[in-house]
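Protein chains: 4
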Amino acid sequence: MASRNIAKYLQQAVAAVVERGGFDRHLAKVNIVSGGDGRCVAELVVQEEHKNSVGTLHGGFTATLVDAISTLALMSAEKTGPGVSIDLSVSYMNAAKSGDKLLIDANTVKLGKTLAFLKVDITNKETGRVIASGKHTKFVG
Amino acid sequence: MASRNIAKYLQQAVAAVVERGGFDRHLAKVNIVSGGDGRCVAELVVQEEHKNSVGTLHGGFTATLVDAISTLALMSAEKTGPGVSIDLSVSYMNAAKSGDKLLIDANTVKLGKTLAFLKVDITNKETGRVIASGKHTKFVG
Amino acid sequence: MASRNIAKYLQQAVAAVVERGGFDRHLAKVNIVSGGDGRCVAELVVQEEHKNSVGTLHGGFTATLVDAISTLALMSAEKTGPGVSIDLSVSYMNAAKSGDKLLIDANTVKLGKTLAFLKVDITNKETGRVIASGKHTKFVG
Amino acid sequence: MASRNIAKYLQQAVAAVVERGGFDRHLAKVNIVSGGDGRCVAELVVQEEHKNSVGTLHGGFTATLVDAISTLALMSAEKTGPGVSIDLSVSYMNAAKSGDKLLIDANTVKLGKTLAFLKVDITNKETGRVIASGKHTKFVG
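Order-wise, the sequence lines are chains A, B, C and D.
One point on numbering: in my numbering, the residue at position 49 of the first sequence is 62, and numbering is uninterrupted.
One point on numbering: in my numbering, the residue at position 15 of the second sequence is 28, and numbering is uninterrupted.
One point on numbering: in my numbering, the residue at position 48 of the third sequence is 61, and numbering is uninterrupted.
One point on numbering: in my numbering, the residue at position 49 of the fourth sequence is 62, and numbering is uninterrupted.
I should point out that these hints are in silico values taken from the structure, not numbers from a laboratory.
Small disclaimer: the values here were computed from a predicted structure and weren't measured.
Treat each hint with caution, since some may be false.
Put simply, identical chains are the same to the list, so a pair is met inside one copy or across any two.
Unchecked claim - Okay, derived cross-link-like pairs now, PhoX-like style, lysine-lysine, Cα gap no bigger than 25 Å in a straight line: (1) K110 with K138; (2) K123 with K42; (3) K21 with K110; (4) K126 with K42; (5) K21 with K42; (6) K21 with K138; (7) K126 with K138; (8) K110 with K123; (9) K126 with K110; (10) K114 with K42.
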């Protein structure tokens with residue numbers, strides 16, 4: 014499957030979970046840029062709905078992005094379902110504000126028989142400034 | 014300030030951020046049980062809106078709870094604002110499903126001049142089963 | 014098996030790995046206080062050999078204690094081997110210096126069929142001051 | 014300062030802490046390959062003294078490498094001391110055995126006025142297989 018097709022498949026996966034209506038509906042404005050071979054790159058323009066009480070990107074939403082986009086990276090590897098979260102961590106480095114375009118780059122560092130290790134870098138697409146980085150370990154057995 | 018008054022103050026803090034309308038609006042159904050001296054205990058009944066695509070508590074929302082309730086614990090310590098997140102981690106131990114009542118117990122492990130270290134345990138209130146545990150480090154300088 | 018016997022068993026486990034001569038030889042001065050049912054409590058007096066370049070407890074040795082004592086906690090649960098590390102994290106809260114007596118309290122938060130979730134609190138036994146806290150996730154399947 | 018000179022400076026920093034005799038003496042066999050601008054690349058051949066009870070690289074020593082090499086990366090940035098550890102996490106992906114040559118690549122992701130965020134990738138130099146990855150947050154204020 015070509016990279017373009019995988020990006021399309023991942024965008025459909027996003028649409029499906031948004032449609033289902035749970036907490037994943039907050040991914041509605043995520044745009045998949047590319048994907049495949051255990052990687053998923055997405056973009057998102059920060060909106061009012063993603064902000065915390067001081068007007069910048071909410072740490073809980075940042076963690077939600079780490080969770081969701083790394084899961085799409087995992088799903089872009091052949092024959093892999095979404096798995097189940099074991100451990101997730103996020104380091105918060107710089108604030109992002111409303112209107113900022115985020116680049117979310119998620120990679121599968123290791124995909125084993127029972128465990129997958131994923132990492133995510135979130136940067137401001139225009140300035141290149143790093144916003145947050147995360148790790149996500151999932152059970153895929 | 015008595016513990017009851019602090020719980021009331023924390024519930025008002027929740028109401029204020031929910032009102033402001035950003036990502037914190039997802040705390041609307043959080044009920045503060047008690048608070049004070051760096052601790053905040055809250056309850057939440059899992060709803061459809063908190064679920065992931067397989068019908069259980071969403072990992073991103075779990076992280077949002079770790080973030081938010083530990084911040085309330087911090088704010089319950091005297092003269093402390095909400096601080097800024099540095100590192101957050103969550104371990105996911107058991108699934109929670111729609112209708113489950115969660116007990117979220119957040120504690121300030123250390124409050125220094127520049128850094129605060131917080132921890133959070135999320136359990137199923139009826140079964141006592143642990144759902145997740147988290148750590149949260151904030152800058153308060 | 015009574016708690017006293019389990020403590021003895023865990024102390025023997027320490028002696029065995031120290032004897033084997035790898036990196037675990039640094040546990041030589043660890044004294045097991047009690048153990049059983051997924052918990053292990055140990056003591057250690059900080060020595061020159063455990064210090065960093067500024068004269069306080071070394072962060073790498075702190076992580077080694079989190080790793081090792083949580084593994085003993087896991088082994089104190091019935092029929093459980095040491096497992097394999099998946100994720101480990103440590104938060105460093107206060108310094109400890111040479112001669113300080115550390116209390117290391119490790120607990121099994123969840124022991125499932127394939128995964129174990131452990132937590133560790135390290136405090137200064139005399140002052141009660143928290144030195145560090147850690148989480149450790151292991152594969153036990 | 015040219016990259017070769019910084020590598021030399023970092024190797025001298027290793028020698029100095031090894032000489033001082035605390036827990037950093039376990040870095041004695043670390044060879045600095047290159048350094049500068051917030052990055053430090055090192056090599057180490059796994060020895061008996063670095064192993065756990067099942068004969069592979071010890072998780073506590075892996076954490077010690079994450080701690081130490083990321084601190085060297087930080088020190089390679091201009092006018093920066095070693096800082097103080099706040100949070101450290103390690104994900105363990107594959108085992109390494111005696112004789113394996115490890116490549117340890119540490120980078121400063123963000124260096125702010127009070128906080129530094131560092132990441133470390135440890136791979137088997139010959140096979141390219143990832144052994145572990147870590148994050149390290151330090152206070153530098």
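Using 25 Å as the alpha carbon limit, work out where K21 and K138 are close: within a copy, between copies, both or neither.
-> within (21 Å within a copy, 36 Å between copies)
Given identical chains, is K123 near K42, meaning Cα to Cα at most 25 Å, within a copy, between copies, both, or neither?
-> neither (28 Å within a copy, 28 Å between copies)
How do K21 and K42 come out at 25 Å by Cα distance, when the copy is not named: within, between, both, or neither?
-> The answer is within: 15 Å in one copy meets 25 Å, while 36 Å across copies does not.
From the Cα coordinates, with 25 Å as the cut-off, is the pair K126 and K110 best called within, between, both, or neither?
-> between (40 Å within a copy, 21 Å between copies)
Which holds for K126 with K42 at a C-alpha limit of 25 Å: within a copy, between copies, both or neither?
-> Neither: 33 Å inside a chain and 34 Å across chains, both beyond 25 Å.
Should K110 paired with K123 be assigned to within, between, both, or neither, using CA atoms and 25 Å as the limit?
-> between (33 Å within a copy, 18 Å between copies)
Copy assignment of K126 with K138, given that the CA separation must stay at most 25 Å | Cα proximity of K126 and K138: across copies only (23 Å, versus 34 Å in one copy).
For K21 vs K110, is the C-alpha pair at or below 25 Å within one copy, between two copies, both, or neither?
-> Answer is neither; intra-copy 28 Å and inter-copy 31 Å both fail.
Quick one: K114 to K42, C-alpha cut-off 25 Å, is that within a copy, between copies, both, or neither?
-> within (11 Å within a copy, 30 Å between copies)
Is it within, between, both, or neither for K110 and K138, if the alpha carbons may be no more than 25 Å apart?
-> This pair counts as within: shortest intra-copy Cα distance 13 Å, inter-copy 37 Å.
Hints 2, 3 and 4 from the earlier list are contradicted by this structure; the remaining hints agree with it.
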